[in-house]
Amino acid sequence: MGKSNDTSAGTGGISGELIRRFQAIVGDDAVLSATDELLVYECDGYVVEKKLPDVVLFPGSTDQVVEIVLACNEFDVPFVPRGAGTSLAGGCLPVGGGVMITLTRMKEILEVNLQDRFAVVEPGLVNLHLTQHLAGTGFHYAPDPSSQGACTIGGNVATNSGGPHTLKYGVTVNHVLGLEVVMPDGRLVELGGATEGLAGYDLTGLFVGSEGTFGICTKVMVRLTRDPVAYRTMLGIFETVGDATRAISSIIGEGIIPAALEMMDQGIVEAVEAAYGFGFPLDAAAVLLMEVDGLEVAVDEEARRIVEICDQAGAREVRRAETQEERQLLWKCRKQAFGAIGRLSPSYCTQDGVVPRTKLPEILEFITAAGERHGVRIVNVFHAGDGNIHPILLFDERDKEQIARVFSASDEILGKCIDLGGSVTGEHGIGVEKISFMDRLFSSDDLEVMGRVRAAFNPKGRCSPAKMLPVAGACGMEHIERSHPGKQAAP
Amino acid sequence: MSGPLAETEGAPPAGGSIDYGRFLDCVHCGLCTAACPTYLETGNENDSPRGRIYLMRGVVDRRVGLTDNVRHHLDLCLDCRSCETACPSGVEYGRLIEPFRIDMKGSRAVGWFERFVLHGLFPYPRRLKWALAPMRWLQLLRVDSVARWLCLDRLLPGTLGRMYRLLPRLKPVAARLPEVLPAVGKRRARVGLFTGCVGDVMFSHTNQATARVLQANGCEVVVPRQQVCCGAIHYHSGAAEPALEMARCNVAAFPEDLDAVILNVAGCGAMLKDYGQMAAEATLKDTAMCESLAGFASRVKDISEFLVELGPRPPLGEVAWRATYHDACHLAHAQGIREAPRKLMEMVPGLELVTLPESDICCGAAGSYNLTEAEMSDRLAKRKVNNILSTGADVVISGNAGCTLQLQAALRQQRRSLQVVHPVDVLDLSYNTSNAAD
Ligand SMILES: Cc1cc2nc3c(=O)[nH]c(=O)nc-3n(C[C@H](O)[C@H](O)[C@H](O)COP(=O)(O)OP(=O)(O)OC[C@H]3O[C@@H](n4cnc5c(N)ncnc54)[C@H](O)[C@@H]3O)c2cc1C
Ligand code: SF4
Ligand code: SF4
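Line by line, the protein sequences give chains A and B.
Counting from 1, one number per residue, gives the positions in the first sequence under this note's numbering.
Counting from 1, one number per residue, gives the positions in the second sequence under this note's numbering.
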């Protein structure tokens with residue numbers, strides 16, 4: 001690599017001695033310390049807050065991660081792990097600067113065991129690459145976040161990622177059997193394992209979703225899921241959002257567990273149609289994308305029941321994807337929906353909230369009203385089956401006053417989610433973005449217990465400081481003022 | 001630490017002329033990263049599309065200077081446009097990196113290699129033919145194999161040595177195609193054939209095959225003598241003016257009443273299809289010229305694309321190969337052509353088409369990249385060859401001359417005897433065998 005050292009170093013908080021130490025551990029080409037190369041690491045998918053790390057490292061092995069962490073402890077500097085940086089909550093923001101440990105060079109598939117249905121992978125492996133690697137074996141890795149083409153398994157573990165198909169198959173925690181973790185003090189531990197029903201605390205479950213605050217995972221043992229034999233994919237078209245949500249509740253109420261149950265409202269359909277020309281009706285208030293999978297005999301019956309339920313709920317029409325191409329196009333429309341939003345507005349900001357499924361009509365009404373109150377256009381696309389909503393607020397980032405209104409509307413919507421018995425994040429995590437909601441979500445006792453759990457893993461608070469819990473870690477949290485939401489990607 | 005780092009106040013920064021909205025189109029989601037060959041290799045976000053956009057924007061915003069590091073990460077971009085395929089927000093990355101590079105060039109002296117070889121030799125088939133003549137002789141006498149075997153080729157200075165190693169076993173240059181070739185049977189279309197420059201010298205047999213296949217499909221084929229290089233080598237290395245001049249010549253060379261202008265080199269195809277945009281970018285005052293460039297561009301078709309649209313005559317002769325298809329970037333990403341060549345190959349009796357892992361990740365050829373960014377080019381070639389070998393295929397099919405050169409060289413280096421052919425070569429073979437059997 002043709003690197004130059006003439007740039008003013010960005011390593012403000014880090015001594016030359018520590019840099020040399022890192023170079024000795026990982027090699028010169030795995031250390032970035034010049035400002036011009038650190039710049040892209042100042043934020044992840046959440047662009048509202050930015051902070052340059054002092055140094056970025058690309059370890060190639062668990063041993064190197066251990067040595068890096070030991071050195072960080074010795075020199076008393078904070079560190080934060082990073083995967084692909086697709087976090088939408090600022091999970092990778094290096095609050096207080098310090099060392100960013102990027103795991104993208106640790107991406108091997110170490111073992112695939114079809115008999116016992118597990119695989120052992122390194123954390124930097126891209127989610128989709130695992131499923132691609134398994135193609136033809138009859139198995140796949142079930143969690144499929146919309147970002148699966150880029151995000152890493154390690155990042156999925158840290159954020160307990162979900163996706164459209166987690167309604168039936170569960171989120172990441174249901175698919176992680178074991179972990180190898182470099183603890184914040186540099187010790188190496190193995191949590192869980194291939195056999196079911198291990199004795200002791202379920203620390204694997206505890207680690208999954210800890211957003212980098214419990215240490216750095218360096219190996220993941222994931223469960224492999226059998227490919228379904230058959231699918232039926234349907235598109236329900238509804239005159240009102242109320243009818244659509246009634247259909248959702250009845251489907252789940254009947255005991256049918258669709259592989260996926262997704263809803264798009266009129267605004268988003270308009271954008272998707274412009275982008276992909278699937279043939280969505282532009283005058284319908286909501287469309288439901290529904291998929292059942294399983295054995296050939298069972299799916300037809302389930303599909304028939306779903307069509308019936310939709311009809312009863314007042315659907316205008318239920319279409320079926322007749323071919324594999326049609327199914328793929330439908331999914332493309334859903335998974336790439338946000339890409340199309342650029343056609344509606346120069347900037348947008350996606351929110352991520354959860355409400356009990358039965359409260360969907362209520363929250364949607366509230367969202368519409370909040371939009372009107374603040375003069376912000378809001379479109380909706382979400383994982384309806386599990387009540388995970390993604391209102392997308394459209395605005396122009398050059399207009400400061402509009403931005404303020406977007407913030408107010410967002411905060412009100414998330415507040416309402418909490419009031420309805422839900423949460424402020426379904427899958428994107430708390431990161432730094434939603435830290436201020438924590439004391440509304442939890443009692444001070446709840447937070448205190450969580451703080452103690454974190455202290456057990458991360459007593460000095462050097463690992464991912466100022467994430468997840470409102471109590472700052474050992475390093476002062478240089479909270480950068482929330483200035484504008486920028487244009488943000490939606491899931 | 002995040003304050004502006006402007007090099008010089010006053011002078012506009014590189015990329016300053018790029019419509020700033022294009023930077024804002026990027027929502028920084030990162031979904032493109034794993035589609036980027038260089039990022040797959042280095043894992044460094046500075047070598048990813050999101051990172052490069054951030055760097056360019058950083059330079060425009062004067063948050064970073066155009067430092068050696070920044071140049072390095074931008075130079076390492078293959079311009080393969082895999083990121084455009086991956087980006088759900090429709091960011092047109094090529095429209096950022098290309099003008100940015102043009103600006104970057106402006107602030108750096110042009111090297112000898114670029115001036116004499118890339119710009120002075122490559123675009124001119126006749127000069128190239130002469131330059132390659134000694135090679136043909138050496139190859140004929142097998143001197144080159146001995147030299148290669150003795151590793152004497154390593155003694156050639158850097159870039160020249162690489163060029164030498166890239167050279168395929170040169171087939172004798174086929175006789176020049178006549179200016180007009182009649183359709184076989186009922187005439188279904190009248191098309192122009194773009195023969196390319198490097199392609200015409202090194203792969204003249206593929207041009208011949210293309211003409212025959214077109215004729216066999218009822219096309220009258222016109223091969224204008226006045227056509228010149230597509231201009232891609234210049235355009236992509238930032239020399240916009242000469243590229244535009246070549247575009248003008250080509251528009252003048254091909255009669256306006258042709259149903260299509262056909263190519264078999266994906267790189268040139270992407271360039272010709274881009275003439276309209278190129279004119280717009282150059283802010284041409286001459287609106288009539290802009291229109292005729294755009295009109296020409298709209299008639300340009302890759303051979304596979306054209307045949308599938310036309311409805312190909314079924315190939316009946318058996319071609320019993322186990323083959324795998326490599327997606328040339330300039331076909332898959334720049335032109336969105338993925339299915340057409342596969343459809344054609346699936347029609348050929350006896351041909352077993354095996355899926356190539358990472359088929360649309362760049363092989364590292366990327367125009368002159370294999371000469372200018374040698375290390376990364378080699379890494380990507382190796383990655384590609386490993387994927388190819390994993391399929392157990394005997395033949396690799398690819399629709400771009402640059403990829404073919406790169407793949408042949410990489411396979412040769414690993415002492416593998418796989419053939420690399422163009423889809424149209426396969427079709428031609430199948431038609432010929434069935435004709436022979438008739
Ligand atoms: C367009 C888009 C769509 C999305 N759709 C979904 C969706 O459908 N479902 C969903 O759940 N999420 C979604 N996300 C959010 C994001 O992709 C996920 O949170 C993903 O799991 C992050 O993976 P990553 O590799 O990018 O991690 P990063 O963004 O790099 O990191 C995320 C967090 O994990 C920590 N971390 C990373 N690696 C490790 C490790 N090895 N050990 C410990 N901690 C680590 C980081 O410190 C950070 O806190 C989406 C994001 C985008 C941009
Ligand atoms: S180029 Fe597209 S995919 Fe890549 S970060 Fe920007 S918006 Fe996302
Ligand atoms: S053009 Fe290719 S090499 Fe360049 S950023 Fe895009 S994907 Fe990467």
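If you're looking for bench data, these hints aren't it; they were derived computationally from the structure.
C-beta: ideal position from N, C-alpha, C; glycine also.
Mixed in with the good hints, there may be bad ones.
[Unchecked claim] Covered by chain A, according to a simulated footprint, are these stretches of chain B (three or more residues, beta-carbon under 8 angstroms):
id, segment
1, 264–275
2, 306–313
3, 322–329
4, 423–430
[To be verified] A few chain B residues facing chain A, derived, Cβ under 8 angstroms:
id, residue
5, Leu31
6, Thr33
7, Ala34
8, Gly43
9, Glu45
10, Gly51
11, Val70
12, Thr85
13, Ala86
14, Gln226
15, Gln408
Going down the list of hints, with the structure as the test:
Only residues whose C-beta sits within less than 8 angstroms of a C-beta in chain A count toward coverage, and the segment 264–275 of chain B has 0 of them, not enough to reach three; the restraint is violated. For the segment 306–313 of chain B, the stated coverage by chain A is not satisfied: 0 residues place a CB nearer than 8 angstroms to a CB of that chain, which falls below the threshold of 3. Under a criterion of three residues with beta carbons nearer than 8 angstroms to beta carbons of chain A, the stated coverage of the segment 322–329 of chain B fails, only 0 such residues being counted. Here the segment 423–430 of chain B counts 0 residues with a CB under 8 angstroms from a CB of chain A, which misses the bar of 3, and the coverage is violated.
A distance limit of 8 angstroms between C-beta atoms decides the matter here; for Leu31(B) the minimum to chain A is near 5 angstroms, and the interface restraint holds. Hint status for Thr33(B) relative to chain A: holds, with the closest Cβ pair at about 5 angstroms, below 8 angstroms. Hint status for Ala34(B): holds, given a least beta-carbon distance of 5 angstroms to chain A, under 8 angstroms. With a cut of 8 angstroms, the hint placing Gly43(B) at the interface with chain A holds, because the nearest CB-to-CB distance is about 3 angstroms.
The beta carbon of Glu45(B) is positioned within 8 angstroms of a beta carbon in chain A (closest approach about 5 angstroms), and the interface hint is therefore held. With a least beta-carbon distance of about 4 angstroms to chain A, the hint placing Gly51(B) at the interface is held under the 8 angstroms criterion. The restraint placing Val70(B) at the interface with chain A holds, with a minimum CB-CB distance near 5 angstroms, inside the 8 angstroms limit. This hint is violated: Thr85(B) has a C-beta 11 angstroms from the nearest C-beta of chain A, more than the 8 angstroms allowed.
Among the interface hints, the one on Ala86(B) holds; its C-beta lies about 7 angstroms from the nearest C-beta in chain A, closer than the 8 angstroms criterion. Here the hint on Gln226(B) is broken, as its CB sits about 40 angstroms from the closest CB of chain A, past 8 angstroms. Restraint check, Gln408(B) versus chain A: the minimum CB separation of about 27 angstroms is more than 8 angstroms; hint violated.
Hints 1, 2, 3, 4, 12, 14 and 15 from the list above are not met by this structure, while the remaining hints are.
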